[in-house]
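Chains as they are written, first to last, in this note's numbering: chain B, 1 to 100; chain Z, 101 to 729; chain L, 730 to 893.
Don't read these hints as lab results, they were simulated from the structure.
Among the hints, erroneous ones may be present.
Said to hold, decoys possible - Using 25 Å as the maximum straight-line C-alpha spacing, the simulated SDA-like pairs for lysine to any residue come out as follows: (1) Z:Lys273 with Z:Leu334; (2) L:Lys888 with B:Ala71; (3) Z:Lys476 with Z:Gln629; (4) L:Lys888 with B:Val68; (5) L:Lys888 with B:Glu94; (6) L:Lys888 with B:Thr89; (7) Z:Lys264 with Z:Glu655; (8) Z:Lys273 with Z:Asp654.
Just so it is clear, the structure is predicted and the values come from calculations on it, not from any experiment.
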Amino acid sequence: MVTPTHYLVVSALLFCIGLAGILTRRNVLMILLCIELMFNAANLAFIAYADAWGNLGGQMAVFFIIVVAAAEVTVGLAIAILLSRQLRTLNADEVSLLKW
Amino acid sequence: MPADLVSCAWAILLSPLAAAALILLAGVHRPKLSAAAAIAGLLTGFLCAVRLFLHAHGRHDALLFESSVSWIALPGLTIPFGVLIDPLSLLMALIVTGVGSLIFIYAAGYMAEDAAVSRFYGLLSLFAFSMLTIVLATNWIQLFIGWELVGFSSYMLIGHWYAKPSAAEAGKKAFMVNRVADFGFMLGILALWAASSPTVSQRSFHFLTLERQLSSAIQAGLIPAGTLTLIGLLLFCGPLGKSAQFPLHVWLPDAMEGPTPVSALIHAATMVAAGVYLLCRAFWLFSGLPEVMTVIMWVGGATAFLSACLALVENDLKRILAYSTLSQLGYMVMAVGLGGRAEGMYHLGTHAFFKALLFLSAGSVMHATHELDIWKLGGLARSMRWTSACFLVGALALAGFPGLSGFFSKDEILVLARGHHLGIYVLATLTAGLTAFYTARVWFVAFTGSSRLSTRHGAGGGHHGVQESPPIMLVPLFVLAALSVAGGYLGIPRFLGASHAEFHWDVAATSVAAALTGLTLAWLIYKRQAVSAQQVVQALALPYSFLQRRYWIDEMYGWYVATVQQKLIAGLCAWVERVVIIGAAVNGTAWLTRGAGLLLRRCQTGRVQTYVFVFLIGVAGLLTIALTR
Amino acid sequence: MAEAASFYIFSGLMLLAALSVVSNRRPIYSVLSLLVVMFCLAALFVMLGAYFIAALQILLYAGAVLVLFLFVVMLLNLSPEALSRTRIFTLRGAGTLAALFLFVCLARILASVGEPPTGEARGTVEAVGRELFSAYLLPFELTSFIILAAIIGAVTLAKREPSK
Numbered sequence: 001m002v003t004p005t006h007y008l009v010v011s012a013l014l015f016c017i018g019l020a021g022i023l024t025r026r027n028v029l030m031i032l033l034c035i036e037l038m039f040n041a042a043n044l045a046f047i048a049y050a051d052a053w054g055n056l057g058g059q060m061a062v063f064f065i066i067v068v069a070a071a072e073v074t075v076g077l078a079i080a081i082l083l084s085r086q087l088r089t090l091n092a093d094e095v096s097l098l099k100w
Numbered sequence: 101m102p103a104d105l106v107s108c109a110w111a112i113l114l115s116p117l118a119a120a121a122l123i124l125l126a127g128v129h130r131p132k133l134s135a136a137a138a139i140a141g142l143l144t145g146f147l148c149a150v151r152l153f154l155h156a157h158g159r160h161d162a163l164l165f166e167s168s169v170s171w172i173a174l175p176g177l178t179i180p181f182g183v184l185i186d187p188l189s190l191l192m193a194l195i196v197t198g199v200g201s202l203i204f205i206y207a208a209g210y211m212a213e214d215a216a217v218s219r220f221y222g223l224l225s226l227f228a229f230s231m232l233t234i235v236l237a238t239n240w241i242q243l244f245i246g247w248e249l250v251g252f253s254s255y256m257l258i259g260h261w262y263a264k265p266s267a268a269e270a271g272k273k274a275f276m277v278n279r280v281a282d283f284g285f286m287l288g289i290l291a292l293w294a295a296s297s298p299t300v301s302q303r304s305f306h307f308l309t310l311e312r313q314l315s316s317a318i319q320a321g322l323i324p325a326g327t328l329t330l331i332g333l334l335l336f337c338g339p340l341g342k343s344a345q346f347p348l349h350v351w352l353p354d355a356m357e358g359p360t361p362v363s364a365l366i367h368a369a370t371m372v373a374a375g376v377y378l379l380c381r382a383f384w385l386f387s388g389l390p391e392v393m394t395v396i397m398w399v400g401g402a403t404a405f406l407s408a409c410l411a412l413v414e415n416d417l418k419r420i421l422a423y424s425t426l427s428q429l430g431y432m433v434m435a436v437g438l439g440g441r442a443e444g445m446y447h448l449g450t451h452a453f454f455k456a457l458l459f460l461s462a463g464s465v466m467h468a469t470h471e472l473d474i475w476k477l478g479g480l481a482r483s484m485r486w487t488s489a490c491f492l493v494g495a496l497a498l499a500g501f502p503g504l505s506g507f508f509s510k511d512e513i514l515v516l517a518r519g520h521h522l523g524i525y526v527l528a529t530l531t532a533g534l535t536a537f538y539t540a541r542v543w544f545v546a547f548t549g550s551s552r553l554s555t556r557h558g559a560g561g562g563h564h565g566v567q568e569s570p571p572i573m574l575v576p577l578f579v580l581a582a583l584s585v586a587g588g589y590l591g592i593p594r595f596l597g598a599s600h601a602e603f604h605w606d607v608a609a610t611s612v613a614a615a616l617t618g619l620t621l622a623w624l625i626y627k628r629q630a631v632s633a634q635q636v637v638q639a640l641a642l643p644y645s646f647l648q649r650r651y652w653i654d655e656m657y658g659w660y661v662a663t664v665q666q667k668l669i670a671g672l673c674a675w676v677e678r679v680v681i682i683g684a685a686v687n688g689t690a691w692l693t694r695g696a697g698l699l700l701r702r703c704q705t706g707r708v709q710t711y712v713f714v715f716l717i718g719v720a721g722l723l724t725i726a727l728t729r
Numbered sequence: 730m731a732e733a734a735s736f737y738i739f740s741g742l743m744l745l746a747a748l749s750v751v752s753n754r755r756p757i758y759s760v761l762s763l764l765v766v767m768f769c770l771a772a773l774f775v776m777l778g779a780y781f782i783a784a785l786q787i788l789l790y791a792g793a794v795l796v797l798f799l800f801v802v803m804l805l806n807l808s809p810e811a812l813s814r815t816r817i818f819t820l821r822g823a824g825t826l827a828a829l830f831l832f833v834c835l836a837r838i839l840a841s842v843g844e845p846p847t848g849e850a851r852g853t854v855e856a857v858g859r860e861l862f863s864a865y866l867l868p869f870e871l872t873s874f875i876i877l878a879a880i881i882g883a884v885t886l887a888k889r890e891p892s893k
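Next up, chain B with everything else stripped away, as it sits in the complex (with noise of 0.2 Å):
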């Protein structure tokens, strides 16, 4: 038997993944991948959720998940292309620009 709280420690799961990609990678193309593999644990917990309580709000919430995701990454891309042409690197540290 499939309970929901197995759907929800798969998203548990992922989740950290995700953040540990976050937290040791350096390249910042890395880190935006890592960011969709969170988002993505999120949106399983939601649809799991959805699915436990037979409500559709869940669902809803995910659709626009998926779309913010889909905004924030074609800016991420942009700002990713724009940092390789100025600074001729993709290394988050070498970007500390906004430090004193």
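The hints should help you fit chains Z and L onto chain B, whose structure is shown.
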């Protein structure tokens, strides 16, 4: 009370305000429209006041009616804004709107060439509204608002020609001297409110409620006499400044820097009389405080006498009239101090007529000659017949010539004085003599003899260049002259409910004798030149220089402001500011912030992942707390 | 039984692919691994009755977003230096530890919340569409602004000429 009378009362108050608003919104660049709006506004007010007067005439109800709207409503404190019509306020409203309308019309001719006619009329209308707010106020707060508003419009109008440094200075001086007085006045109002009832929610600013409450509280012995005296003295601070009584009189002569219609309206006929009006309005309070009444009496008497002395040595036509205004205001205040409410208001009314007349005549002279030094004028009686005739009527009324309005009102005050205090009576009679002297001096020097005007004013030189003023200026003069003559027969005291004073031949004879003495002396010195003016000055060198320096009061104020206030107090404040505020507080804070910033900016690495990591630690910490709780 | 089997297969595959996303040296492999994650996730969505969302997941994520990623990765033609992923050890370890800790926390939360009641929510196109154009109409319309802003932002950012 019929509804149309109530609307009439509101119209008195609001029509000048409507005119001011119209001028502000539509008339800024249309001088003719502005003048027409202002005159129409005030005339409407006058007609409404006449309508009320006709209704009230012959009835002796103490209170005709009151109508108000709620203005400020707080828990336990409501302040209405409204109109209170009783004989006192109606009389004052009639004077303000009537004399005011004449002066407004006159100003249309006088200010025709001015560059800022609209501003002038806008402020005049605002002044009229403010003055009527005082006159028709139902409560102390409304009165105080009007009080401050007339101070403001007076300041703006004195400084009408603000490009002239002396005018700007005079406006500032008037404003500041009035601030000093108004502060005391405000304290008085608040103290009165606090004294009206021990329970806060029952306290009131409303005239009639306050009178009732305070009277019963006094009868019950709830208020110590010292407190009441203090309140009375604080309230008297208001008239002290606004009616320019000694020693706060210094602003009024300087206020003559404003356009002459302003001097006539604000600084002779109405605003400066507001102090006297206030004393009458709160007469129920003052009359129960003998110590305060004595102070008022002596302040008024001293002002009357000392200002008359100052007028003796002054050479500027308008300033002479200003000192004369001070002196007459002193009479009014003295009359109230002697317990003569009706007498004070009577003199206020007649004074408004003849002093406005004198000022407007002086303005007419100034319009024609651009000269105010009486020694540079002369022979005006030939070149400006009508103006001179009007001036003569005003001067005779001021000097108390029998049969004219000033004679009757002054006589009533003198009768009152003789009944109360011999010293005050002597002082007042002396003042009457001095008044006749300086009035005659002006007449003989400036209006008779031969013209001493330099040729720059006219093509043909001499008085041929001096033109009579246009009819729009002369007609108001004629009306005022008629009022100055007839003012004594209008029955003003009876309207206020005073019993008809008996005519005392002895008092009248004494005052006429004093006036005639002054007149003759002036005639001998300035007309016949039996004794030359120079000789008189040399013989009385010491008092003359004392008067020339105006008792050194301006110098004393100057010394106080420059030394005590600027050097001592302001110096101390500056030291505190430099060392404590700037040094410790401001710079200290800056150093602290800077030091903290130096430390904290180490956290700002600019690396996104560090931020995420720190954020994560925060989330983990919160979760730990939430789960282990 | 079949349900449990497919759940374990798909979620196991997904987690492995996710680990591959995080640990791969080359971004192109990571992107392709993410594609696997998406497909598995879509399968899980279908198992949970979210048919329409599963389709969206394939279309939008796998179809659009990841292709965009691929384009950028190829466009930038990353040099080995840019690809390097070495970090100071402490932060990597700390990051992993923190992620683990967070997982423990989430697990504890799940354990404390307990089983929600099971209900039926079939996310067919019709049901989702009905919901979307009735209760969620305003947010749905507002998303167009987000997308518009993203388009404008991306264009202005990417079109900007190098300053020097």
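Comparing the hints with the structure gives:
no., hint, verdict
1, Z:Lys273 with Z:Leu334, "21 Å, holds"
2, L:Lys888 with B:Ala71, "17 Å, holds"
3, Z:Lys476 with Z:Gln629, "17 Å, holds"
4, L:Lys888 with B:Val68, "22 Å, holds"
5, L:Lys888 with B:Glu94, "23 Å, holds"
6, L:Lys888 with B:Thr89, "18 Å, holds"
7, Z:Lys264 with Z:Glu655, "22 Å, holds"
8, Z:Lys273 with Z:Asp654, "11 Å, holds"
Hint check: no violations occur; every hint is consistent with the structure.
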